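Visitor: Go by the hints and put chain H onto chain C.
This is what each chain is made of:
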Amino acid sequence: MNSFAAGWRIQRRVISALMIRELVTRFGRENIGFLWIMVEPLLFAVLVGLVWRVMKGPEEHGISVIAFVATGYIPLTFFRHAVTRSVRIFSVNSSLMYHRQIKVLDFVFVRVLIEMIGSMMAYLFIAVLLITLDEFPIPYDMGALIAGWALYSLFTFALCLILAPLSEVNEVLEKFMPVTTYVMIPFSGTFNMTSWLTPEAQQAMYYSPFVQGMELMRYGVFGPRVNAQWNIEVPITASIVLIFIGLAMCRRVRRELVVE
Amino acid sequence: MIRCENVTKSYPMGTGRKQVLRGLDLDINPGEHIGFLGRNGAGKTTLIKLIGEVEMPTSGRIRRNMSVSWPLGFGGGFQGSLTGYDNARFIARIYGHNYSEIREFVEDFTELGPQLKMPVKTYSSGMRARLAFALSLAIEFDCYLIDEVIMVGDANFHQKCHFELFEKRKDRALVLASHSPELIREFCDRALVLHQGCATIYSDVNEALEIYAAL
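Residue numbers (this note's numbering), protein chains in the order written: chain C, 1 to 260; chain H, 261 to 475.
For the record, the hints were derived by calculation from the structure and aren't laboratory data. Note that the structure is predicted; figures quoted are calculated from it, not measured. Incorrect hints may have been included.
Said to hold, decoys possible - Heads up, simulated EDC-like pairs for lysine to aspartate or glutamate below, C-alpha to C-alpha not over 20 Å straight-line: (1) H:K278 <-> C:E256; (2) H:K381 <-> C:E260; (3) H:K377 <-> C:E30; (4) H:K428 <-> H:D368; (5) H:K420 <-> H:E371.
As the list claims (entries may be wrong) - Taking CB as the label site, the calculated pair distances span: (6) H:D431 <-> C:E233: 56 to 62 Å; (7) H:D431 <-> C:I146: 50 to 56 Å; (8) C:L197 <-> H:S341: 44 to 50 Å; (9) C:A201 <-> H:S327: 54 to 60 Å; (10) H:G340 <-> C:V169: 21 to 27 Å; (11) C:M184 <-> H:E367: 50 to 56 Å; (12) C:V169 <-> H:T460: 33 to 39 Å; (13) C:L197 <-> H:K278: 54 to 60 Å.
Unchecked claim - Examples of chain H residues toward chain C, derived with CB under 7 Å: (14) E313; (15) V314; (16) E315; (17) M316; (18) W330; (19) G337; (20) S341; (21) F350; (22) R353; (23) I354; (24) G356.
Positions of the beta carbon are idealized from the N, C-alpha and C atoms, including for glycine.
Chain C extracted, bound-state conformation:
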């Protein structure tokens, strides 16, 4: 039990040190510093939201277009950033392998965590902003919103855990990532509720872990008005399977990792 407690202490130290290091190298200490992390998702959500509002009018299916776009786009940018930043993450950070308490798994975890925190901050920021402009409802069910985020993030982490080692052994993967993350947008639940789709399409969405997380988040924000439908088994099962495969792959890649 003692060694577990010691291990836990080291783990916490390593994670926080890596997070600070990452934030300092990426954003520096100038001007707003690490707050830059929420700028990009914010810009995306606001600008795309405005474009959609002009195109589709203030409301669609009885809910604010801007609020709907914001709740969809911010998790999506989180996912895209997390995935892009996982590419070749081991070789990029290999100089850290000089310190035995740092494990390759920490790199993936820290990057996903930073992206997640940044996106959640952006989400909170835009929600507060839009609430004051009366464009965003007071969240209907905070628990569902957080649970949705958790499921979405869990699956993103599980996916990164596979992509990180895969990108080390296969250079082609990197070339296909941008187009893949683009093509998967319809399967991410970003721009529509499942209930708005045809029955066949609804069937297909049932198996997308992202859609399940997104529906739950949307229910948490808009409540019964959006007629959300979700199951938590799909994202949890998919994540567990991916995490097991990913752990085995990380272990294998670590054995072969060449450190300069």
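Guide: The following block gives chain H in isolation, referenced to the frame of chain C:
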């Protein structure tokens, strides 16, 4: 004690693999000073990286019962885009040490002054060596892994290293990879000669140096 059992290491090379170490056994006892000798590319750095757990052996295993420093060499262990101070902060955090103590020691040992506020990538190799030594001496290990780097500094740096490492910490174990016969002769109790993937350990350092010179 550090025990290497039947350690092999190979790297992918073209379609095949390059065997760098073929079945190496080595014990490093507490307080013992071991010199690694070998021509360029013989595997000294590789072996040091394996002992420091920077890279993993292809087969075999390495057991460590004492704390081992990270390999002190020209590269490694630093984040080039961060300043000397930021690197010190990072090391303090992951090893759970008090930053202000480490900073004081680093300022004193490196004598780099305001240069510590510059990114490490702007440092010369001598300056890097100073920072690397300062940080690992500030943390305190039972065993220090030193890869050649001790040779790069100036006389003042040599003197400091000599005092901190060979006098103040002479009870610690030490692995020293070097091409310098004087250094090995002066400080090592045993020497390991690496040649074509095979390692031979000599308890008579002078004998090892003769073998090495004849390679």
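Visitor: Would you check whether F350 (chain H) satisfies its interface hint, that is, whether its CB is within less than 7 Å of any CB in chain C?
Guide: holds, 5 Å
Visitor: Does E313 (chain H) meet its interface restraint, that is, does its C-beta lie within less than 7 Å of any C-beta in chain C?
Guide: Constraint on E313 (chain H) satisfied, holds at 5 Å.
Visitor: Can W330 (chain H) be said to touch chain C, with a Cβ gap under 7 Å?
Guide: holds, 4 Å
Visitor: K381 (chain H) and E260 (chain C) were given as a pair; does the straight-line alpha-carbon distance stay at or below 20 Å?
Guide: Status holds; Cα separation ~15 Å.
Visitor: How about I354 (chain H): closest beta carbon in chain C under 7 Å, or not?
Guide: Nearest chain C Cβ about 5 Å off; hint holds.
Visitor: Falls inside 54 to 60 Å, the C-beta gap from A201 (chain C) to S327 (chain H)?
Guide: holds, 59 Å
Visitor: Is 50 to 56 Å respected by the C-beta to C-beta distance linking D431 (chain H) and I146 (chain C)?
Guide: About 54 Å separates the Cβ atoms of D431 (chain H) and I146 (chain C), which means 50 to 56 Å holds.
Visitor: Report holds or violated for the interface hint on V314 (chain H), using the least CB-CB distance to chain C and a cut-off of 7 Å.
Guide: holds, 5 Å
Visitor: Against the 20 Å threshold, does the CA-CA distance of K377 (chain H) and E30 (chain C) hold or violate the hint?
Guide: This hinted pair holds, its Cα atoms lying about 15 Å apart.
Visitor: The hint says 50 to 56 Å between M184 (chain C) and E367 (chain H); measuring C-beta to C-beta, is that right?
Guide: holds, 52 Å
Visitor: For the pair supplied as a hint, K278 (chain H) and E256 (chain C), is the alpha-carbon distance within the 20 Å limit?
Guide: Roughly 13 Å separates the two Cα atoms, so the pair holds.
Visitor: Should the hint that L197 (chain C) and K278 (chain H) are 54 to 60 Å apart at their CB atoms be regarded as holding?
Guide: holds, 56 Å
Consistency with the previously given hints is maintained throughout, with no hint failing.
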